[in-house]
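Q: Single-letter residue listing:
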Amino acid sequence: MKKAKIYLDYAATTPVDKRVVKVMQPFFDKKFGNTMSLHSFGQEAKMVVEDSREKVANLIGAKASEIIFTSSATESNNLALKGIAFAKKNKGRHIIISSIEHDCIVESASWLEGQGFEISKLSVDRYGFVDPKEIKKLIRKDTILVSVMHANNEIGTIEPIKEIGAVCKKAGVLFHTDAAQSFGKIPIDVNKMNIDLLTASSHKMYGPKGVACLFIREGVKVEPLLHGGGHEFGLRSSTVNTAAIVGFAKACELCKKEMKVEIKRISTLRDELISGIFKEIKNVSLNGHSKKRLANNINIAFSFIEGESLIMQLDILGVAVSTGSACSSRKLKTSSVLSSIGISPLKINGSLRLSLGRETKKSDIDYVLKVLPKAVKKLRAISPFKK
Amino acid sequence: MLYTKKVIDHFKNPHNFGKMKNPDGVGRVGNIVCGDVMQLYIKVGKNKKKKEVIKKIKFETFGCVAALATSSIITDLAKGKTLERALNIEKAEIVKALGGLPPIKIHCSILASEALAEAIYDYLSKNNREIPKTLQVKHKRNHQGLEKIEKKWQKK
Ligand code: FES
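Going down the list, the protein sequences come from chains U and S. Adding 1079 to a residue's 1-based position in the first sequence gives its number in my numbering. Adding 8 to a residue's 1-based position in the second sequence gives its number in my numbering.
Since the hints were derived computationally from the structure, they do not count as laboratory data. Among the hints, erroneous ones may be present.
[To be verified] Restricting the straight-line Cα-Cα distance to at most 30 Å, the calculated cross-link-like pairs of lysine-lysine (DSSO-like) are: (1) S:Lys160 with U:Lys1200; (2) U:Lys1453 with U:Lys1441; (3) S:Lys29 with U:Lys1456; (4) S:Lys163 with U:Lys1370; (5) S:Lys29 with S:Lys148; (6) U:Lys1371 with U:Lys1212; (7) S:Lys14 with S:Lys57; (8) S:Lys156 with U:Lys1412; (9) U:Lys1371 with S:Lys163; (10) S:Lys66 with S:Lys148.
Just so we're clear, the structure is a prediction, and the values are computed from it rather than from any experiment.
Here chain S stands alone, though its shape is the one from the complex (with noise of 0.2 Å):
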């Protein structure tokens, strides 16, 4: 597989991995084309305006190279920006990031874009806020899709 050293970058030393200790949202999603399964966790403070921003993240992933640095270098997107701009962070911005990816792993970067719209859903709905539309609709579908993959994965 030929990927960009950016790409090969962050999977050698990616960044922010790891387990988050009491965390304000954590997001669980998995992608049926071949199985890989992301978590991520944040944590939301407030910026100087007293906007609500990503202060904390941090992800832990199971899947392919590509997976690995799309959730590496999302967390880095991610940090510090507003929940809005954090929900809109999609995968051609990730690409682009890693100074591309071979087009057969592109799927694997949708992953990390859905982790992080679950982690700032479970945040909000915690906190009994109003979720937008398009995010209740992709929490909807994100739901069904790990709930296939962990079923096929418990199979011993």
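In isolation and in its complexed conformation, chain U is listed as follows (with noise of 0.2 Å):
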């Protein structure tokens, strides 16, 4: 029997479509002109980027003079807290950002903080969600931004962005959200959100990596942080990586048109596969809320046993995931996403998440439900804790 291979981790990243390839391959060797130049090679390049940038603005209801082309959403994520940080510095210096953000989002505020920046951590219930009601009260008369991802990378819960967008408005205060986990996967307008900043990844989507953009309403102030040539409005001075970009504008236009379908498809599957674990497997307990989450994410805590090694038991088998455990983050610490919503310590190192995506079949969650209960039976049985 052939290994299986089965990538149940699209949450972390996404092969690139072969639509996408495809595009892509002649602005590597062919059209490969720089967009600053002149001569026809760059007025290719330049012409393709802003066609480009159209068709990224389309997914979310944006124009295009209103994105920016970044090289990571950690990068957008920066020029969003920074770049308004310093813009806005002379009105005020509070931010609220809320406890389950990506680490580019607490980082860069925990570094703003050294520069004599004020930050407020909204926290979430046991589900993850904002209370839009809680910002309301953080709210100061020096806040100066408000950041809240749109969904979540581990446990996918989807946050009430319009109703947030709509107290920041009222408030007269910016916001911004990372909607990296969501972007091109549920549909999002920045007009009818009341979102003034959002960073989006391309390779989330079926897109290449190495791209990503920020959001940027008209008319909102953002300082550089890379300055040079001027390109991107002035805002990210960088040689444009025209191949790359055009993949990210196929991934968007391939999500937009399948987008519906692909929803009602994978949430099928995701809750086929939930409710298969929960059938076989005794001791398991679902992170998140169980509706209101993307259609591609599920977190499963499996008392007893250690994260790390069920990923490695389930990698020998050929399916690949993703844990919160603290044995297998870098820095031994356990996931902060899965201890906000008030997950045991005990349970957090014993989670898994599975996400799928657009290769994911039935044939895969059959399988899955076929080797996961054994491989967790396997590690109970070595298990010192109560089985």
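Dock chain one against chain two, each of which comes alone in its own frame, and use the hints as you go.
A: In structure tokens:
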């Protein structure tokens, strides 16, 4: 029997869609011009980048001129937080973020703290939801920015972005959302949802790595982090990565076209996998909300066993997933998202994230349901905890 | 995580795992770094020279791949050894026997040697035997560490 190879870690990264690879190809060796050059090579690249900007903007109801291409969601989030902080520091120095943000928001915020800014962290409920009313309470005269992610990377919780945006709008505070996990997967409309800045990434939605974007609402001032030739409306100097941007745009087009059908297909598979796990394995619990989560996200705690061991056991059986266990983190720290929603340390160490995607098939789910109970059983047999 | 083939072999097919009925000594230890817990059981017998040796050994471990592999290999290393020799199995010996561990995982290997020391301590104290000073000190430290972790794990 050929060894199975099932990838269920789409929240970490996705493969590039073949249709995306195809449109990127000519931009490596044939249409390789620098967008800043005045000759035909340069102009050709320039045109295709502007066309791509339009396509990316299209996915979230933005104008092309409101999209800045960057190299990663990390860069976009850094630009959003630091760029706004520096542009607005005369108005105030208070920033609000949620307690379940990605490291690049948390670390940017704590760096800003060292620069004299003040950071407030919003707590979340046991499903990971932020309460817009809490934001209202936290907003002060000197608050300049609120940043709350759209969908959580670990538990898939989808935040009430529209309501949060409305609170910020009313208070006259800018609102940024990190949509790295939701962009291309669920509908986003920056106007209806009252979003001023939004981070999106290409490699989480079947585009290439090395490209992402930041939506900045018209009229919002951001201080650039990279100075130089004045690319991207002067907000991000660096030679433009044409091939990647073309790929990103194509990925956006595909997501837009296929989103509705995909949400339905993947959420059906997700629910099948969740109920299968609950049927086959005892002492398991779902982390996050059962319905209000991304269609592709599952996060389950398996009591009495440790996550890194479980991942390796599954990897040997041909299934790739991830965990929030301290043992698997480079800092030997348990997942802060899971502890923010009140999951016990023992359960966090035994938690598994399975994230589905475009290439996940019913037969993959069946296979996982066959091998996962075995892997858990084996590790539980070795565990000193009550079984 | 990059593990050696030896580590993966032990992880895939751990030696001597599970509970032991009527053990002569039991050692339970926890690791404060990330909270792994190991329980080790021994049965003590005599060798030809009438010296006390570890006749049987089994383990139960909650921890990462490295923790499971070190648990498994220490049972191999300790089996048949005199109690004195077994007490001298240190992390360096364990790591070497596994062909190395990633630096961040070295701490997991301490667990195994501590659990073994605890099991021997338990055996000696149950039988009202003299306990070496160094072992007494170790025991005190291990006991405190374990209490901390069990408390953490009991949190709901
Ligand atoms: S048991 Fe946690 S890192 Fe080894």
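Q: Compare the distance between the alpha carbons of Lys1371 of chain U and Lys1212 of chain U with 30 Å, and conclude whether the hinted pair is satisfied.
A: 19 Å, holds
Q: Between Lys14 of chain S and Lys57 of chain S, does the CA-CA distance stay at or below 30 Å?
A: Measuring from Cα to Cα gives roughly 33 Å; hence the hint is violated.
Q: Hey, Lys29 of chain S versus Lys1456 of chain U, does the alpha-carbon distance stay inside 30 Å?
A: 21 Å, holds
Q: With a cut-off of 30 Å on the C-alpha distance, tell me whether Lys156 of chain S and Lys1412 of chain U pass.
A: Answer holds: Lys156 of chain S to Lys1412 of chain U is near 16 Å, not above 30 Å.
Q: Starting from Lys66 of chain S, check that the Cα of Lys148 of chain S is at most 30 Å away, please.
A: Roughly 23 Å between the alpha carbons, so the hint for Lys66 of chain S and Lys148 of chain S holds.
Q: Mind checking the alpha carbons of Lys29 of chain S and Lys148 of chain S for me, to see if they're no more than 30 Å apart?
A: 26 Å, holds
Q: Given the hinted pair Lys1371 of chain U and Lys163 of chain S, is their Cα-Cα distance within 30 Å?
A: With a Cα-Cα distance of about 27 Å, the restraint between Lys1371 of chain U and Lys163 of chain S holds, given a limit of 30 Å.
Q: Against the 30 Å threshold, does the CA-CA distance of Lys1453 of chain U and Lys1441 of chain U hold or violate the hint?
A: With a Cα-Cα distance of about 19 Å, the restraint between Lys1453 of chain U and Lys1441 of chain U holds, given a limit of 30 Å.
Q: Decide if the proposed pair is consistent with the structure: Lys160 of chain S and Lys1200 of chain U, CA atoms, cutoff 30 Å inclusive.
A: Holds. Lys160 of chain S to Lys1200 of chain U sits at ~24 Å (cutoff 30 Å).
Q: Would the pair Lys163 of chain S and Lys1370 of chain U pass a check requiring their Cα atoms to be no farther apart than 30 Å?
A: 27 Å, holds
When each numbered hint is compared with the structure, a violation occurs for hint 7 only.
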